[in-house]
Structures are given as C-alpha cells and as structure tokens.
Amino acid sequence: MSFLDQLSMGLALVAQWESLLFLALGIAIGVIAGAIPGMSATMAVAIALPFTFSLDPIFGILMLLGVYKGGIFGGSIPAILIRTPGTPASSATSLDGYPMAERGEAGKALGMALYASCIADFVSNLALLFFAGWLASFALSFGPPEFFTLILFSLTIIAGVSGDSMLKGMVSAILGLLLATVGLDLIYGTNRFTFGSSDLMGGLNFIAVLIGLFALPEIFAFVRQPRALAAKVQSLGARSVTLAEVRRCLKTIFRGSLIGVVLGSIPGIGAAPSAFLSYAEARRTSPKRENFGKGEIEGVAAAEAGNNGVAGATLIPLLALGVPGDVITAIIIGAFMIHGLQPGPMMFATNADIVYALFVGLILSSFLLFAIGGVAIRAFRYIADVPKSLLLPGVLVLCVYGVYAVNNSVFDIAVMFATGALGYAMMLTRIPPAPFLIGFILGPLLENNFRQSLVMSGGSPEIFVRSPITWFFWALTAISVALIIKGALNTPVPPVQRTQKTVQRG
Amino acid sequence: MSTRTHELFLGLLVTGLAGLLLAIAIPYGIVSPKSARSLFLAPTFWPTILGWLLALSGAVMVCRAWMLPDGEEAAAPETGPGDGPDTDSTGHVAAFALLLVVYFLAIPLLGMVWTSALAFAALIAITRSPHPVLGLVCAFVLPLVLYGFFNHVAGVAIPQGQIVRLP
Chain A
1 MSFLDQLSMG LALVAQWESL LFLALGIAIG VIAGAIPGMS ATMAVAIALP
51 FTFSLDPIFG ILMLLGVYKG GIFGGSIPAI LIRTPGTPAS SATSLDGYPM
101 AERGEAGKAL GMALYASCIA DFVSNLALLF FAGWLASFAL SFGPPEFFTL
151 ILFSLTIIAG VSGDSMLKGM VSAILGLLLA TVGLDLIYGT NRFTFGSSDL
201 MGGLNFIAVL IGLFALPEIF AFVRQPRALA AKVQSLGARS VTLAEVRRCL
251 KTIFRGSLIG VVLGSIPGIG AAPSAFLSYA EARRTSPKRE NFGKGEIEGV
301 AAAEAGNNGV AGATLIPLLA LGVPGDVITA IIIGAFMIHG LQPGPMMFAT
351 NADIVYALFV GLILSSFLLF AIGGVAIRAF RYIADVPKSL LLPGVLVLCV
401 YGVYAVNNSV FDIAVMFATG ALGYAMMLTR IPPAPFLIGF ILGPLLENNF
451 RQSLVMSGGS PEIFVRSPIT WFFWALTAIS VALIIKGALN TPVPPVQRTQ
501 KTVQRG
Chain B
1 MSTRTHELFL GLLVTGLAGL LLAIAIPYGI VSPKSARSLF LAPTFWPTIL
51 GWLLALSGAV MVCRAWMLPD GEEAAAPETG PGDGPDTDST GHVAAFALLL
101 VVYFLAIPLL GMVWTSALAF AALIAITRSP HPVLGLVCAF VLPLVLYGFF
151 NHVAGVAIPQ GQIVRLP
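Keeping their order, the protein sequence lines are chains A and B. Counted the way this note's numbering counts, the first sequence spans residues 1 to 506. Counted the way this note's numbering counts, the second sequence spans residues 1 to 167.
FYI, nobody ran anything at the bench for these hints, they're computed from the structure. All C-beta atoms in this analysis are idealised placements derived from N, C-alpha and C, irrespective of residue type, glycine included. Zero decoy hints are in this set.
Listed below are several chain B residues computed to face chain A (Cβ distance under 10 Å; list not exhaustive):
hint	residue
1	9
2	11
3	35
4	89
Chain B regions said to be covered by chain A (calculated; three or more residues, Cβ under 8 Å):
hint	segment
5	20-33
6	110-119
7	128-140
8	150-161
Beyond 12 Å from chain B on every Cβ pair, some chain A residues (computed):
hint	residue
9	12
10	131
11	247
All chains, please: the whole structure from these sequences, using the hints.
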C-alpha cells in the first residue's frame, strides 16, 4: 500500500465530526491546564487519560494528543503574564515575554507566542508525517535482540529527564524497573513480589502508578503549604501582534522549529533544551541581540518555536519504534496500550489507518490550536482565578474516579495513593519522578526482549551481537553512557531544596 | 540539615533498600523454579541485577556525599512573600495521608460518590480554604457529575455504598 493510500485511509477516518470535536476538546483542556499555575501538561494528560476509555481509539488518542499540544502552548500564557512558566519549557518564553507584559505589550507577546507555536507545531507534524513511516519500515526487520539493544539505548534517555542529579535519576529509574517486575513471571508463570496477593499477580496498573507519581505529589505539596497565587497578572494591553512583526520573525520561527524537530526526535532531550537553544541561536544571529532579555518579540518567537517544534517530533520514536521520547509521550504510549494498540513498526502494518489518521489529526491540531489559543489568551484572567484550594481537591477526586475506571478495581486506588506518597517523598529528596516512569514502562519491554532473545538462541548471549543493528545500538549506548558519566563527574551536588520547583516533573 | 548530611542519609537509605531487596525480598518474594534452563532466564535474574545496581548507586551516593564539604546548609524552601515556615505543615501532611487511608477504606462502606464528597470537604478543611461554601458545593457536585459520566456514559460501574444508593 502506497503512502498516499495510507494517507487517504487516515483522512477518511479523521473526517468525522467526532474526531474534530475530541481533538478540539483535548486542545482546550490542555491549554486551560497548561495555563493554570501548578498544573502541568503532564498532569493534564495523565488525568484526561481515563476519560478516553469509553471512546473509539482514534477519538481517545486524538483527544490526548490535543491535551499534550494545548498544554505545551498553555504553559506560555502564565510565563508571559505572571512570570510563572506553566511548563519547564516555557521558562525561555518568560525571558522576553514578561518584560513585554510589564511594558503593557502582553497581548503582542502572547499573539507572537501563538503564531510561533502554531507554525512550529505544523512543521513538527509534517516531519512526523514524512519520517515516522520511513523509520518504522526500517525497524520492521528488528527482532528481539535488536529491540533489546534499542530499548537499552532508550534507557539512556533517563539522563535527559534526571534534572540536576544523574545519580538520583538512575536510582529513580532502577526503582521504576523494579516495580515493573511485580506480577507473574512471563516464562515460568511464577510469582514475583506478589507476597500472596492476587491483586498483584497482574502487576501494578500503569495508570495508577502514573497518576500517583505525577498528580498526587502536587496535592501533598499544596497541603503542606497552602498558598494562593501571589503574582500580579499583567493586562493584555491595547496592542496586538502585527503581520509585519510575524513576517520579521519567520526566519527565527522556522529555525526554532527545525531545532525542535531535530532535538525532539532524539529520545530524552525534551522541549526545554530545544526552547533555550532556539532562543540562544536567535540572540546570536539577531541584529537586535542587545534587546534580548529586555522584552524582544523575536525572543518570544524563538523560545516558543523551539518549545513547540518538539511536540510532533517526539512522536516519531514513539510511533515508529515504540520508544517514548519524553515523559508525556511515555504516558501516551500507555494510552495506546489501553486502547489495544502497540506503538512500534508493526503498528504501521496492522493499524496504518489509525496511524495516518493521527498524523492528519495532528496537522489539523495546529489550526485548532490557533483558534482555541486565541480565546484562551483572553480568558486567562478567569483561568488564573481558579482557587487552588478548590482545584486540587477536585484533582484528587478526578484521579480516584479515573484510576478506578481503568480496571474497576479499588485496589488500584490504593496503588495510586501509595505511589503518590512515594512521589512526594521523591519530591522532598529531589529524586526526579520521570526516570521512574520511563523505567516502569520500558522495564517489561527490556526484560521480555532479553529473555525472548535468549530463548531463541538457546541461552547463548552471542545473539545480542548478531547483526549490524545490534552493534549500532551497542555503540550508541556506549557513547551515550560515556557522555553521561563525563557530565555527571563535572556536575557538583546541588544544595538540597525542599520544594518541587527545581525537580523536573515533565 | 546540611546538603552533606542529607545526601549521606539518602545514599545510606538507598544502600539499605538494596540490601533488603537482595537479602529478603528477592529470596522470599520470588518463586524460582528449579527447572530454570539458564541463570539468565531465571525469574530472579533481572531483579537481582537491579538490586546490585541499586546497591552500587547507593554506595556511589554515599561516597559523593562523604567527599562534600561539611557545613553547607540546605537551601531554604522557595516560599512566597509572607509565607514563612509553616509550623502546621507536617501535621497537614500527616492529616492528608490519614485522609487517603480513610478514603480508600471507606469506599466499600459509603460508596465512591459519598466518600469522595467527604474527602473533598475534609481536604478543604485541612487546607483552610478561603472558599468553604463554594468548596462544599463543589465537594458534592463534582463526585455526582463524575458518577453520572462514568456510570451512565462510559459504562463503568462506580462502587455504591451500603447506606445511600444512587440510580
């Protein structure tokens, strides 16, 4: 089947009003959640996930991708208006966005952020459309040994989500890998860490662990120190961005988009480095470089383009290889599994219509984001006014219903509460939760491919070096580990802080 | 607590956890058949590797912490203006942890809807919300709306209690 055939199948699937409705709903939820200080795109995707169970896979996944895209843009609204980035990647936006807001040009900064976000998102989605299928067709020749070495390499993405302590990131990942071994052994069918509990035989529910780890610690932190938003919300101002200003920044936006696409397609790098690299490049090449940091509109465009250029590209390794590129795509991989789909090269053969429908939907999402983002900018004052003392109890109740709905299991609620407490302890000790989640997701894949390979080879480890592909991934892993060790040795232990602010939470 | 003490404590905790895993949890928590064809295929192989990696990480953390200069104080928590150290904070966290335990245990008795409403209200009380009346309204409306969605739209049987049952 040709590329165009697959594309037209996807187009037919996405050309239903429900697809557009759920995509738009997801974007609206994401923008609102991203714009609320204290909520994050990760948390929004995690909480929205259980609400998609009753939907068709295509509608449910489109909605979640909408939440993801909307959440990334939504984070830039508080970054500009109150200098409180909704996501780590929006920090670069606040460098010039907030000074512009202080000058009464918040509307102009937000308008430019919206244009840059939508253009970069569109470019990123095109990259996904053209490269994911190609990469997947290459990966179709992979067997268990190739997948084992690929996943082993993917585990080095933990370095990218470990924040400022690689060692703590490693501990977190090992704990995640360990927790993933709970349940029945797949080869011998014997119990592992079930301690006689029948509830544990199927392993721990991914959604319960995920929501516990990412949503509950925020509630713990708020309970520990309840406080209202103290920052002053800047007014939008009378001036909005002009087309001439957008045209002047187009080169910067496209450069930022390409940086985002390249960095986003490499697992583990994420949006924040991309936003800062794009910002640094724009400052280096701009004739107005002395204005950067003081309210230069090109700085906002560069940061947002770098930030949003990642969004489609992180789905390339997810869809083509089944490897999550960052924390949010790690959650989305769980969503695919819950809807009975296994991301990876085989999905392009077995569910090509859904894959291409997602591509088409994502491209449409860039336009929907433009419309919904424009409304959200004007409505921010109301969004920011939602009291946290009502929002977070609501989040707790949403989490309980959502986690129960996965398996109709009250035990899963206990798992969520327990991992929530663990997540809060990790927050206090500055152990990042993202490597835990990635370890928990990749752990079973790593172990199963390892053991399948050994069963295939009759126990001979030589199978792990049987092909040039395995050699390639071994080499990449070795290079990656060497770079990580070099980086870790050069990084001093940071002072301990007792809040979550500097721990990367996705 | 100084950074050095904190990191040292954390390293020792990780090492201790690895010790417990290797000495108790793996031998007693994993059933390994005697017929396992290869050491690599045994159900204990992977957890044992992870246990040793955890021990190694803990040991490196201890060594790194040991080499840190003593006396460097931990940075202060990032608090907002006028917040100051909250003397009730530990009590709040303990109360919330207790609330979660009660929440879980009360679901079979009261049902998810009423337990959630009470938990919402309790959380508002713990955090001393400045919007108690609105909070109480939300505490009952949100669980009922979610019940309506999951029970009647998504087809998920939300647990009903033994006291008040919903249609």
